[in-house]
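Chain order of the listed sequences is A and B. Mapping to this note's numbering: the first sequence position 29 is 29, numbers consecutive. Converting from the second sequence to this note's numbering requires adding 1000 to each position, the first position being numbered 1.
Derived by calculation from the structure, the hints in this document are not laboratory data. Please read these numbers as outputs of a predicted model, since none were measured by experiment.
If you want the ones that stay clear, here's a sample from chain A, every Cβ over 10 Å from chain B, calculated:
#1 Lys41
#2 Ser54
#3 Glu72
#4 Ala77
Taking lysine to aspartate or glutamate and the EDC-like style, the derived pairs with C-alpha atoms no more than 16 Å apart in a straight line are:
#5 B:Lys1030 <-> A:Asp99
#6 A:Lys33 <-> B:Glu1067
#7 A:Lys102 <-> A:Glu72
#8 A:Lys6 <-> A:Asp60
#9 A:Lys94 <-> A:Glu14
#10 A:Lys41 <-> A:Asp13
#11 B:Lys1081 <-> A:Glu83
#12 A:Lys33 <-> A:Glu47
#13 A:Lys6 <-> B:Glu1067
#14 B:Lys1055 <-> A:Glu14
#15 A:Lys30 <-> B:Glu1067
#16 A:Lys110 <-> B:Glu1028
#17 A:Lys33 <-> A:Glu50
#18 A:Lys6 <-> B:Glu1087
#19 A:Lys6 <-> B:Glu1083
#20 A:Lys102 <-> B:Glu1028
#21 A:Lys6 <-> B:Glu1183
#22 A:Lys110 <-> B:Glu1025
#23 A:Lys6 <-> B:Glu1179
Virtual Cβ for every residue (Gly too), placed ideally from N, Cα, C.
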Amino acid sequence: MAGRGKLIAVIGDEDTVTGFLLGGIGELNKNRKPNFLVVEKDTSITEIEETFKSFLARNDIAIILINQFIAEMIRHAIDAHMESIPAVLEIPSKEHPYDASKDSILRRAKGMFCAEDFR
Amino acid sequence: MGVSEGEESHLLLDEKLLCFMKQLELLEEKRNTLNSLIEQGWFSISKARYSMGNKQVSALQFANKMEPLVSVHVRTLENAKVEFCTERSSQKCSDESTKDPTSVEDIGPLEEGIRRRKTTKSGDKEKRETGGTGSEKAPEVNPVEKRDHNPQQDPLNWFGILVPQSLKQAQSSFKQVIELSAEIAALQILVLIKQRNYLFQRCGPFVQCSDD
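Let the sequences and hints guide you as you build the complete structure.
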């Protein structure tokens, strides 16, 4: 069994989440709380943000994967997260290719060359 | 002629900057691989959906009991570096399924019981011995709770027993993505640490960068 290791959580569109669950990361814990969120057209930003924050608060999650277009919706929450664990990884989605200039981590790294951007 | 103190610190800064750039380049490389693997996975899912039917590969098929087959072991090294190691438990899962053939199929009632049949010859004997009281009882059932459904099954089975090859391909693509994402997560942290070290070296702990 996967045992004492931590989990990978995913917030994304249906195909992204289906793919990662096929890969074997899915979990429903004792309180039937999943470690994934399928974002559909009618999913509100508040729900996404709350789920993201609940993943940050859980200490059994090591990595949070999030589609970049969803990350854009809750950018303030992602930028506010400065801890190294859980690590937040932005991934592309079917309709929105990955844009490195929007990535939180790469923007922070870029800040090294521009004093104003550096936080 | 010896190297002056200023030159030495500049050399050290350059070295740190080069190291940072190298990590950034590696991160970009891995990112590109990750993105192409994810695309490959989506393509395979779409192909599977085409052959199985539009609604056969969706969130509706997710199991109501799930246990992770992958776990991440986090190790904090010196200088706040973090290492993520993925561990897959599929080996044990497959061993269990080969040992216990009942785990393959979950067809049948939730309660399994042994029913005592009415037999003529033995029943007659009992009648004679007990004086006819035992035969009037209804057949006894000893309910035994069926073993819990194994939640650690292969997620492929959520979508059916005979799934197309493309869905298996999607699964293997996403398995690679999971491993790569752990590497990228560690690399991201390393990049930020290198950046912090460089800035610390260049500006000092309390000097603002804008002063340069």
